[in-house]
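There are 2 protein chains.
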Amino acid sequence: MTTFTIIGTGNMANAIGGVLAEGGSSVTYIAKDQVGTAPLSGDVVVLAVPYPAVDSILAAYGDAFDGKVVVDITNPLNFETFDSLVVPAGSSAAAEIQAKIPGATVVKAFNTNFAATLASKQIGELTTTVLVAGDSAAAKAALVAAVEAGGLGAIDAGSLARAHELEAIGFAQLTLAVGEKLGWTGGFAVQR
Amino acid sequence: MTTFTIIGTGNMANAIGGVLAEGGSSVTYIAKDQVGTAPLSGDVVVLAVPYPAVDSILAAYGDAFDGKVVVDITNPLNFETFDSLVVPAGSSAAAEIQAKIPGATVVKAFNTNFAATLASKQIGELTTTVLVAGDSAAAKAALVAAVEAGGLGAIDAGSLARAHELEAIGFAQLTLAVGEKLGWTGGFAVQR
Numbered sequence: 300m301t302t303f304t305i306i307g308t309g310n311m312a313n314a315i316g317g318v319l320a321e322g323g324s325s326v327t328y329i330a331k332d333q334v335g336t337a338p339l340s341g342d343v344v345v346l347a348v349p350y351p352a353v354d355s356i357l358a359a360y361g362d363a364f365d366g367k368v369v370v371d372i373t374n375p376l377n378f379e380t381f382d383s384l385v386v387p388a389g390s391s392a393a394a395e396i397q398a399k400i401p402g403a404t405v406v407k408a409f410n411t412n413f414a415a416t417l418a419s420k421q422i423g424e425l426t427t428t429v430l431v432a433g434d435s436a437a438a439k440a441a442l443v444a445a446v447e448a449g450g451l452g453a454i455d456a457g458s459l460a461r462a463h464e465l466e467a468i469g470f471a472q473l474t475l476a477v478g479e480k481l482g483w484t485g486g487f488a489v490q491r
Numbered sequence: 300m301t302t303f304t305i306i307g308t309g310n311m312a313n314a315i316g317g318v319l320a321e322g323g324s325s326v327t328y329i330a331k332d333q334v335g336t337a338p339l340s341g342d343v344v345v346l347a348v349p350y351p352a353v354d355s356i357l358a359a360y361g362d363a364f365d366g367k368v369v370v371d372i373t374n375p376l377n378f379e380t381f382d383s384l385v386v387p388a389g390s391s392a393a394a395e396i397q398a399k400i401p402g403a404t405v406v407k408a409f410n411t412n413f414a415a416t417l418a419s420k421q422i423g424e425l426t427t428t429v430l431v432a433g434d435s436a437a438a439k440a441a442l443v444a445a446v447e448a449g450g451l452g453a454i455d456a457g458s459l460a461r462a463h464e465l466e467a468i469g470f471a472q473l474t475l476a477v478g479e480k481l482g483w484t485g486g487f488a489v490q491r
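The listed protein sequences correspond, in order, to chains A and B.
Its first residue numbered 300, the first sequence is counted upward by one per residue in the working numbering.
Its first residue numbered 300, the second sequence is counted upward by one per residue in the working numbering.
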């Protein structure tokens with residue numbers, strides 16, 4: 300059984316934690332005001348916070364991330380313009396985070412999902428599917444298994460370099476939702 | 300009625316042309332060996348060829364593209380490695396093409412679709428949806444209308460800058476299909 304610590308208590312944190320707990324994983328939460336004091340007890344730490352909140356979390360825990368799998372769910376958009384990213388062209392939030400905590404194994408996941416369709420497990424008639432990218436096959440396999448146990452689909456989408464593409468998918472999906480071209484209970488689905 | 304000239308006679312060319320013709324648009328095709336001699340008769344020219352084939356088409360027609368709407372459907376992958384793009388980081392095939400034919404209006408579309416699901420009009424239980432990006436609202440609206448008339452969904456996904464994200468979606472989808480994580484009759488669907 301994989302043990303997860305989820306940092307954050309928002310919609311995404313609750314939806315992700317719900318799926319993982321339903322699949323039999325142990326899940327603990329760290330709220331914003333507990334960051335730096337509550338321990339990172341899980342083998343896997345999910346940073347279920349907006350990208351601008353990540354840096355202070357990395358700083359608060361420092362070396363405590365060493366040896367952990369860290370799941371980055373962020374979409375590093377400029378949320379004022381919705382027209383650009385706040386990471387360098389060609390890079391990704393996941394790559395930026397990995398560079399800051401080299402002792403951890405960063406995995407990108409959940410950023411192409413909306414909270415509502417993680418909770419409902421369906422997008423239209425299709426099972427909600429989580430796309431996972433990372434350089435550790437073992438870390439990805441454990442996350443895929445935990446998500447599938449929770450009743451969702453999960454696909455290994457390649458190396459951590461593919462986080463750039465997953466974040467582009469998230470960017471496109473968010474701009475369409477904000478522009479009311481699709482609903483927050485819809486979005487991009489995957490048919491195998 | 301919009302008139303389309305489709306350059307290419309492969310699976311994507313036939314699938315796109317089939318949708319447009321079914322919707323009542325006039326569709327003519329230019330095969331590879333007719334490039335440069337057959338006229339660009341349509342108001343809209345669809346470059347339904349792989350990205351490496353685009354440059355010679357642009358060179359063959361030159362100023363004949365002026366005033367046309369040009370639909371770029373390419374995914375500019377490095378097809379040897381399937382691990383990178385052949386356009387500059389942050390840019391897109393669509394932006395590169397627009398820079399080479401400044402007298403034309405480039406629209407990105409169809410690159411997030413597989414030929415099979417354009418033809419079947421369904422991805423699982425969801426209607427196949429074409430994502431369209433470009434800087435001309437009129438050009439996008441005409442293409443969206445022509446695609447919808449053919450029985451598919453179509454969404455204006457924003458400015459031509461969003462072609463970067465659409466190409467990232469295409470990149471991710473292609474790598475998953477090539478890696479047998481999803482089938483060529485499946486792929487990314489859109490639920491509104």
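Hints may be right or wrong, so weigh each one.
As the list claims (entries may be wrong) - If you want the ones that stay clear, here's a sample from chain A, every Cβ over 12 Å from chain B, calculated:
id, residue
1, Ile356
2, Pro387
3, Ala418
4, Ala444
5, Ala476
What the hints assert, rightly or not - Computed Cβ-Cβ distance ranges for the label pairs, DEER-style:
id, chain 1, residue 1, chain 2, residue 2, range
6, B, Trp483, A, Gln421, 19 to 25 Å
7, B, Ala320, A, Gly389, 53 to 59 Å
8, B, Ala388, A, Pro351, 21 to 27 Å
9, A, Leu357, B, Pro401, 15 to 21 Å
10, B, Gly482, A, Thr336, 31 to 37 Å
11, A, Pro349, B, Ser355, 51 to 57 Å
12, A, Ser355, B, Met300, 56 to 62 Å
13, B, Lys399, A, Asp362, 46 to 52 Å
14, B, Asp354, A, Ser383, 44 to 50 Å
15, B, Thr380, A, Thr336, 43 to 49 Å
16, B, Gly361, A, Pro351, 44 to 50 Å
17, A, Ser383, B, Gly366, 58 to 64 Å
18, B, Gly309, A, Gly482, 46 to 52 Å
19, B, Pro401, A, Ala358, 27 to 33 Å
Read the hints as simulated data drawn from the structure, not as lab findings.
Beta carbons: idealized from backbone N, C-alpha and C, even for Gly.
Here's how the hints hold up against the structure:
No Cβ of chain B comes within 12 Å of the Cβ of A/Ile356; the nearest lies about 27 Å off, and the non-interface call holds. Its closest Cβ contact with chain B, about 8 Å, brings A/Pro387 to no more than 12 Å, contrary to its assignment away from the interface. The Cβ of A/Ala418 sits about 15 Å from the closest Cβ of chain B, beyond the 12 Å cut-off, so the non-interface label holds. The claim that A/Ala444 is not at the interface with chain B holds, since no C-beta of that chain comes within 12 Å of its own (minimum 15 Å).
With a closest Cβ-Cβ approach of about 10 Å to chain B, A/Ala476 is found to fall inside the 12 Å limit, against its non-interface label. For B/Trp483 and A/Gln421, the Cβ-Cβ distance of about 24 Å falls inside the hinted range of 19 to 25 Å, so the restraint holds. Taking 53 to 59 Å as the suggested C-beta distance range, the pair B/Ala320 and A/Gly389 does not conform, at roughly 39 Å. Roughly 23 Å separates the CB atoms of B/Ala388 and A/Pro351, a value that falls within the hinted 21 to 27 Å.
Taking the beta carbon of each, A/Leu357 and B/Pro401 are about 45 Å apart, not inside 15 to 21 Å as hinted. Evaluation of the 31 to 37 Å hint for B/Gly482 and A/Thr336 yields a failure: the beta carbon distance comes to about 48 Å. About 46 Å separates the C-beta atoms of A/Pro349 and B/Ser355, a value inconsistent with the hinted range of 51 to 57 Å. For the hinted restraint 56 to 62 Å between A/Ser355 and B/Met300, the CB-CB distance of approximately 57 Å keeps it satisfied.
Here the CB-CB span from B/Lys399 to A/Asp362 is close to 51 Å, well matched to the stated 46 to 52 Å. At roughly 28 Å, the beta carbons of B/Asp354 and A/Ser383 sit outside the given window of 44 to 50 Å. A C-beta distance of roughly 46 Å is found between B/Thr380 and A/Thr336, which places it inside the suggested range of 43 to 49 Å. Between B/Gly361 and A/Pro351 the CB atoms are about 47 Å apart, so this pair conforms to the stated range of 44 to 50 Å.
The beta-carbon spacing between A/Ser383 and B/Gly366, approximately 30 Å, falls outside the hinted interval of 58 to 64 Å. The given range of 46 to 52 Å is broken by B/Gly309 and A/Gly482, whose C-beta atoms sit roughly 35 Å from each other. At about 47 Å, the CB distance of B/Pro401 to A/Ala358 disagrees with the hint of 27 to 33 Å.
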